[in-house]
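4 protein chains.
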Amino acid sequence: MSGNTLGTLFRVTNFGESHGPAIGCVIDGCPPGMDLSEADIQGDLDRRRPGTSKFVTQRNEPDTVEILSGVYEGKTTGTPICLLIRNTDQRSKDYSEIARSFRPGHADYTYWQKFGIRDPRGGGRSSARLTAPTVAAGAVAKKWLAQKFGTTFRGCMVQIGEIAIPFEGWEHVPNNPFFAPVADVSALEDYMGALRKRGDSCGARLRVTASGMPVGLGEPLYDRLDADIAHAMMGLNAVKGVEIGAGFASVADFGSTHGDSLTPEGFAANKAGGVLGGISTGQDLEVQIAIKPTSSILVPRESIDITGASTEVITKGRHDPCVGIRATPIAEALLALVVMDHALRHRAQCGDVVTDTPDIAARSRG
Amino acid sequence: MSGNTLGTLFRVTNFGESHGPAIGCVIDGCPPGMDLSEADIQGDLDRRRPGTSKFVTQRNEPDTVEILSGVYEGKTTGTPICLLIRNTDQRSKDYSEIARSFRPGHADYTYWQKFGIRDPRGGGRSSARLTAPTVAAGAVAKKWLAQKFGTTFRGCMVQIGEIAIPFEGWEHVPNNPFFAPVADVSALEDYMGALRKRGDSCGARLRVTASGMPVGLGEPLYDRLDADIAHAMMGLNAVKGVEIGAGFASVADFGSTHGDSLTPEGFAANKAGGVLGGISTGQDLEVQIAIKPTSSILVPRESIDITGASTEVITKGRHDPCVGIRATPIAEALLALVVMDHALRHRAQCGDVVTDTPDIAARSRG
Amino acid sequence: MSGNTLGTLFRVTNFGESHGPAIGCVIDGCPPGMDLSEADIQGDLDRRRPGTSKFVTQRNEPDTVEILSGVYEGKTTGTPICLLIRNTDQRSKDYSEIARSFRPGHADYTYWQKFGIRDPRGGGRSSARLTAPTVAAGAVAKKWLAQKFGTTFRGCMVQIGEIAIPFEGWEHVPNNPFFAPVADVSALEDYMGALRKRGDSCGARLRVTASGMPVGLGEPLYDRLDADIAHAMMGLNAVKGVEIGAGFASVADFGSTHGDSLTPEGFAANKAGGVLGGISTGQDLEVQIAIKPTSSILVPRESIDITGASTEVITKGRHDPCVGIRATPIAEALLALVVMDHALRHRAQCGDVVTDTPDIAARSRG
Amino acid sequence: MSGNTLGTLFRVTNFGESHGPAIGCVIDGCPPGMDLSEADIQGDLDRRRPGTSKFVTQRNEPDTVEILSGVYEGKTTGTPICLLIRNTDQRSKDYSEIARSFRPGHADYTYWQKFGIRDPRGGGRSSARLTAPTVAAGAVAKKWLAQKFGTTFRGCMVQIGEIAIPFEGWEHVPNNPFFAPVADVSALEDYMGALRKRGDSCGARLRVTASGMPVGLGEPLYDRLDADIAHAMMGLNAVKGVEIGAGFASVADFGSTHGDSLTPEGFAANKAGGVLGGISTGQDLEVQIAIKPTSSILVPRESIDITGASTEVITKGRHDPCVGIRATPIAEALLALVVMDHALRHRAQCGDVVTDTPDIAARSRG
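Chains as they are written, first to last, in the UniProt record's numbering: chain U, 1 to 366; chain X, 1 to 366; chain A, 1 to 366; chain G, 1 to 366.
These are computed hints drawn from the structure, not numbers from a lab. Predicted model only: the values in this text are computed from it and were never measured. Keep in mind that a hint or two might mislead.
Each pair may be met inside one copy or between any two copies, as identical chains are not told apart.
Distance condition first, Cα-Cα at most 20 Å in a straight line; then the derived SDA-like pairs of lysine to any residue [stated by the list, open to error]: (1) Lys54 <-> Asp89; (2) Lys54 <-> Ala309; (3) Lys93 <-> Gln42; (4) Lys148 <-> Asp352; (5) Lys143 <-> Val353; (6) Lys197 <-> Val173.
Turn these sequences into a full structure, and let the hints steer you where they fit.
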């Protein structure tokens, strides 16, 4: 079954390959009447764009988005929004050798065994390049959520390889190529520089949050808000772990200290990460993800070819030494898409519900 | 939008409340012609059942499953299988007080704010009791996968509260009430005994695996196999973190040491946890989950009532001091349901695909 | 892929077989806070019930519905509503002979070829008995739509076999066993009596309507309101044709006389049947369906057995000489379920939309 | 909820507006390894293309399709196939007047009331132009079904306005602009010529068939093969009625004469139209649809403007005097898409099923 659609009511269907003519997505279900232009989307695409620092792939793609449908006189019409991004910097080269062997840690082998065919040019469909349409769609969701609820999304790097990064403030994030919330990133630069020199790669831990959340989003069983967040995040290339709120630290905690107390002025803490019983509390959503080291590295490695014979693989080409670096805007987009979808799901079933109980999270925001 | 269905082709729709007349599920999409009786399902239900040791809730439910449809003369017919479990030990008592305040760390507040109404009896829909139908459905998936591919599912406790549990062997798991893979569980008994005495609860870390996996299951983008595993696991009550393979340990690893090499005899390692590019490699699926401490504890806690006024909450009733203890068969069932769904999804799109490349994971299994 | 679920946001998953222990459905997505008891559902079930006149099957089923979940203290909670109907009048007899041959015009052959197994008792899953859960779910939808919009659903017989039935008034429909909108049904009784005597069956044409419709329900492309109505109706046993509004009579009409003019006081006509561009106009939905003659008849017919050899089939047992007779409440239920689903779909995407243009259909209703 | 996707496993997501920069679709779920190029698709697009005779709209669109993704070295890869068709003959003119009033019989009023905004240029999203992507996707399905099962799809005009067209032979269909199965179409030309002169439009009745069908496709309840055909056909612009097999003629038939007898050499007749119990028999699928007269006509008509005030509407621009004329390839495509989807659904659940019973429909095909 096809799996290239994210969401149930705000549906994003992603298409394209790394070295095909274009990549893009179709958003179906966007509410009508919202101002929308390419400029609303380009900003996040630029944050994710390759070639912006020496710590990311040197492929030079402007990632210029074109709105092909669903917008009339600058407003969404409620019909599908097709967003197209032309590929411009596909290098023409001979892929026949690459196509005959499998890079360890990469999707080469599994695509081949599944489909019996594989587009080897730049990783084809498995390339991280396919996150660009996700980011573009996320920008549309962000805009609607900001206007409707005042919800905002932010993300930052928490750890890169072996280096934990303290949180100094959100204001630092846009000022360095690592999305790091610190003023001084020289240690990160040195670390990544050394890594690049030896042709290796490393992992990363990211944090993404949503602030100004409405209370009540999420379905109790199976399609919980946290479940759908986990689905979206683990569906991102190279992600191997997802935490909500206290995450794995919850294991060694106690019920008496873990449950965030409710007070008339708000919650006393947020170990739950903004979700209880699969439904948003109105507190900030707090998500962390683990990203594995890029599989495409210059260091030679043992592998097999398509006949099953032993071979050695070196990945040349242009690659990110840490795919986690550019993942921050992607993770934000994914979080926004999940929240957007649940906002519409909530409205469908519970659009009439009003209680006399105060929204204490909103109250604590003032 | 409704969210009580898990899966796209092997669809499990769950219904019921903790203290209603019955709980159950409808499985739609089960392949026809498989031998199936209640006995195939009851075993896993018994492993999850409450009241089996002093370390779990003392509610006494036989959890006897009845097949209401979809089976004729002992074989599945391809039509929906309704599995019904009557509730028998609902205590009649006055819930009016409970209904007016919100237990911290519990779904009370969010259900109320979402739906404007909430069944407070035993947690209603948010009770862990609703995992029984999931376990029942998982047993059906397990049986089909075992017959079709020889795939088997196992799980065990890795850590309970502050105590890490070394892996001594799968054979120990059924011999103790903790699903612990160790011969001697006296330390765990002491730890949990002390916890119970002070009316508190703790978290747990579990591991679940699938062995004998077919290669090629999973969709490249969004609905990846690992994404759907994360969705299923994070959708389980109290889960706050999910890891596939090396999980968060990937962050501090390097590309040169992380990517599992391919050899003609099999993969050299399994840091990927059996999934590359969202598609199964044929290696064992390796999943770990973090479960938070039970929110329902005897220790009094600060909270609010439905008017927003400050109050104190003590949860009496019968509860699990560590919900993680009974979660092992549930996590196994969820993993089986996800694999089952992707097995059918794979067959739909790629049923014809054959490659000349050997299935190296199968080869390494001998 | 499983297909036993109707609807996308108000989802009805149907289960059961004619002679199994029970039939029923799970409704997922019902808005919370609506008063609901078995009494709200039983009325429509009684209208569809077998054994109520000599013109329908003599199987005696009380069709008593039990609400197993989703309702607390008489109100829907927003969680899945499981409706259970026990089968009580399954005759025990030897089905081995029936199981070896295929009744012409019946699902026997296709079920067998599809699933390789078939429950032959009373038609198993293909029995019209499985429309009872649909009717039960429809009653829930009807109640919500009546309270929310004042929408009401009605149906009647338009033609039975060769006899066209003039429309005299809705008030006659409940007063005869044919759901005929006429005062005098003696001609119908004679016709059906003669048919029964010779062991034959006939077809029927039904009309169903929805009045008090909101304007704006339906999706422009593919999942249009009329498309989903056609899907629901053609999905009903024995239906071979569906018309919306003028239906097949539109073919010989002209644009100049066909398009219903808009006036400040309402539409001048309703040839469109309440749908334009796949979206409701607010006028009455007008639907007609063709139901083929019952395949289970006493007249002997030529067929084959499971080895492919020639054989003769006579269907004994208890059957409806015209399945169309009991189909009126079913068609109403299906229409209500489609409208309900689109009401929630509309609210999800367009919940905020308000225009200054009057709802002219509502205006014409006064 | 979004509704612009057709199919569950072979999913076609349609986007675009009549006068936007482009229209197109994304096909998700296409089996991998099939040869595919633009040439496979262009043929059907050309059959549907506007401007090919004086009896259809004079808009001159080459409808050249571009494959943007999902194909590598001329073969499908199993990843999403994006098909793009640029709009080239959008006339720039002032739409402000049109935007303020509603054409009777058209989607103008309902779009406006639903979305609160509407793209009035050429009908925007409600234009029949949006059937082009459907036709393109259908061509992909046709190709796979032909290769896999030998299934072929054909359609023809059965009635245009008041003129019934006898069936003389499929070979005539491509030789006249009406898709009429007759050698001499001068009567049709005269009829349509007179209609055009007075600025009016008429309806049409079409027939579409699938030959070489596999037995066993379709789901028993709700998502029956015939139900999904009805959904697809009624979802096409201007369709007001759908019949399967004998359709409305079944009403006046008897069980003794209606049920198609089974014989060792095949079915004795095909009143069922190739579907029993919602599942394909292997006989030809026989479908007929009623198409209403085009709403956009030169004859002035009464209507209202967006304030609700009375006005008169004349539709200038370029329009089809009978939208049914170009609908034949569209209806074929829709039928192919439904069959394709059910072929994959069948394989997912019942891929292993084999019976000893002969496929009698296949046998009768020789």
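State whether the alpha carbon distance between lysine 54 and aspartate 89 is at most 20 Å within one copy, between copies, both, or neither.
within (17 Å within a copy, 46 Å between copies)
Could you place lysine 54 and alanine 309 in one of the four classes (within, between, both, neither) given a Cα distance threshold of 20 Å? Cα proximity of lysine 54 and alanine 309: none, with 36 Å in one copy and 55 Å across.
Should lysine 197 paired with valine 173 be assigned to within, between, both, or neither, using CA atoms and 20 Å as the limit? neither (25 Å within a copy, 47 Å between copies)
Given identical chains, is lysine 93 near glutamine 42, meaning Cα to Cα at most 20 Å, within a copy, between copies, both, or neither?
So lysine 93 and glutamine 42 fail the 20 Å test inside a copy (30 Å) and across (30 Å) alike.
Between lysine 148 and aspartate 352, at a C-alpha cutoff of 20 Å, which is it: within one copy, between copies, both, or neither?
Both, since 16 Å and 10 Å are each at most 20 Å.
Identical-chain pair category, lysine 143 with valine 353, by Cα at 20 Å:
between (25 Å within a copy, 18 Å between copies)
Of the hints listed earlier, those the structure fails to meet are numbers 2, 3 and 6, in rising order.
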